[in-house]
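Using the sequences and the hints given, assemble the complete structure.
The chain contents come next:
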Amino acid sequence: MHSILKTSFAAFVAAGIAASAMQANAQSLSGDLVIFSDMSNPAPRAVMEDMVARFGEMHPDLNIELTVIDREAYKTQIRNFLTANAPDVANWYAANRMLPYVEAGLFEDISDIWEGAMSEELASTKAALTVGDAQYGVPYTYYQWGVYYRKDLFDQFGLTEPATWEEELANCQTLLDNGIKCYTIGTKFLWTAGGWFDYLNMRTNGYDFHARLTNGEESWTSDEVRATFANWRELIDMGAFVDDHQNYSWQEALPFMVNGEAASYLMGNFAVAPLREAGLSDDQLDFYQFVEITPGIPKGEDAPTDTFHIPSGAQNKEAAREFLRFVVSAENQTLINNGANLGQLPVNALSSVDDDKFLQQGFQMLSSGAPGGIAQFFDRDAPAEMAAAGMEGFQEFMVFPDNLDDILERLEATRQDVY
Amino acid sequence: MSISADSDSQRQRSWYKRNEIAITPWLFLAPGVLFFVVYVIAPIWQSFGMSLYDWNGLGDIDTNGTYIGLENYNKLFGLNGERADRNFQISLWNNLRWLVLYLLAIPLGLFIALFLNQNVRGIRLYKSLFFFPFVISQVVVGLVFSWFYLPNNGLFTVMTGWFGIEIRGGVLGNPNTATYGIIAAGLWPQTAYCMILYLTGLNAVDPEQVEAARLDGAKGRKMLWHVILPQLKPATFIAFVVTIIGALRSFDLVSIMTGGGPFGSTRVLSYYVFEKSLSERGLQYGYAAAVAVVLFLIMLVFISYFLWTMYQDEKEARG
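In order, the protein sequence lines correspond to chains V and B. Using this note's numbering, count along the first sequence one by one with no gaps and you end on 421. Using this note's numbering, count along the second sequence one by one with no gaps and you end on 322.
It is possible that part of the hints are untrue.
As the list claims (entries may be wrong) - Selected chain B positions facing chain V (Cβ under 10 Å, derived; list incomplete):
hint, residue
1, L61
2, D63
3, R89
4, R171
5, G263
6, F266
7, G285
8, Q287
9, K318
Stated by the list, open to error - Here chain V is said to cover these stretches of chain B; the calculated rule only asks that three of the stretch's residues, wherever they fall, bring their Cβ under 8 Å from a Cβ of chain V:
hint, stretch
10, 150-158
11, 173-181
Note that these hints are calculated values from the structure, not bench results. Even for Gly, the Cβ is constructed at its ideal location relative to N, Cα and C.
Here is the structure:
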């Protein structure tokens, strides 16, 4: 049985590779290919430009126009250009963040790209790009979330990576007794608090409950949600988080960790680069998976996926599809996600992960340490309106935990409204 | 012969020449009116229309939007026994705070203008230094003030520390103080603006009247109140208009300094409109349009007042 599955899978892959190779040979693409991208930070920008250049070499007759738009500005511009002046390929995000555009008919159904081998290779994110039975985009990268911590501080006080909630609290108490905050966080832009909620809720009630909650199927005033907040409150009452965090962005909260005033940071892997640039060596910096809270619940993880889509108003859909196939190919994903480029995880199961210590740990964690499931992130799993209200509530809770009842009632009212 | 030639030329004068007096004002007005209609009047009607729909701003409103009548307004004000939109109420209250406190810019501006309206060597340099905050971008003002207010290291926090006052979470991190902190930042450039208006007004004060008043024994406060201030009425009017509009439009500082936070306590109506329509997580165009309509109606009160005042002045000037 096992071997049959294996061989059929291999055949599948082989057929897929052959098919895509044939297509690459058979089709000579021509005309214009217009790409709008939000990869505006220096490293992603270089990756994007390099991808376009390599794709251009494969298709010399194709005239590719790449427009890179500032990441924040892109979020507001995308509505206009999808309707009025659609490019052939556009960056966006998976799950609920793409849903409004799919429902408005602005993203092209690209299930045909996903047919065959692709579905196997990209299985981990297929659900996040599926609406109904159709797929509306392809992933190019994702990254793990977890607790990044100062190993040297842990060593100094004889602490080890915790695995259970009790160990986590005990570690935290030791740090606090020595005048060090357990966690740094900057909640000025709200979403960082969403990360804490995701993890506390997934560990307290499990991934499935969390998914139902972000889907609007569970009440915010339920005992389960209250239990999550009760756990959160334990940390807040201890004084585990840095003070006045509502004044800082996530970058402005980094110095607390760099200066040793706070020991750890629940963050996405993108925090590693600035921490290294600030002077922390890999001996000082380490990573652990968020601890278990309710024993026995399969762990779920946050791993947001960034994606490419074809707008339904695209002019050159053939070339766009070919570009998407190129983007998701194993070789390309290995290349663009390595430490010298994006420094994140490739989605394609056949590509290889860079040697970077954090990427290796993250890859291990996501591929074998997250049996519960992989969530996108609070603001991508919940609809926009719910996400906005939710994260505002989380921030308020972190500053005034006594307002909890009021906050939960508000969130429940929003839920009744949104879904 | 000469008479007949004259009447010939009378007849030959073009239609435009004959109606020149009547038409010319309209020609002058035409570009302004055109832009006013296309970019002001039409969008106002559009927002009225949009506010009756449930629409996420994507695609076409007729196909992707649903007509829901006054439902958006019901939601805003909580009319159907529903709970009123708390965020809307916060914005409304904050707008009121802005309106009242922002008017402080007028007396402050007047005070500085009177202070600077002296003949001292290098006075122009002083004047320009006082005017400087209005020249810098609001973004920069916002950033400078957010650093000023930072907890722990911010200059403001250090200063209040001398008096033993400690604001929990810092000025901008505490929902009770954040709005006032932003208004204070906004007053800085606005005061400078009012000051320059008053300085120009003071230039136009009639020296003969001042001289006459002085001969009659007017001095100090009396002189200011009965002689100078009445002559500054046009400047005060403009300062009032500009300040009211500035207060109702207060958006940039909120956006830069707090982004509406902490937990939405510094929202104002214009920022709320942005949040619900164009921001990262706003996909409720219909709802945002309803908020925009409410903001417009509030402005309409002031607009009517300004127009009425101007009309009265015109009438007086002619009569």
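Going through the hints against the structure:
no., hint, verdict
1, L61, "holds (4 Å)"
2, D63, "holds (8 Å)"
3, R89, "holds (7 Å)"
4, R171, "holds (8 Å)"
5, G263, "holds (9 Å)"
6, F266, "holds (4 Å)"
7, G285, "holds (7 Å)"
8, Q287, "holds (7 Å)"
9, K318, "violated (46 Å)"
10, 150-158, "holds (count 3)"
11, 173-181, "holds (count 3)"
Checked against the numbered hints listed earlier, the structure breaks hint 9 alone; every other hint is satisfied.
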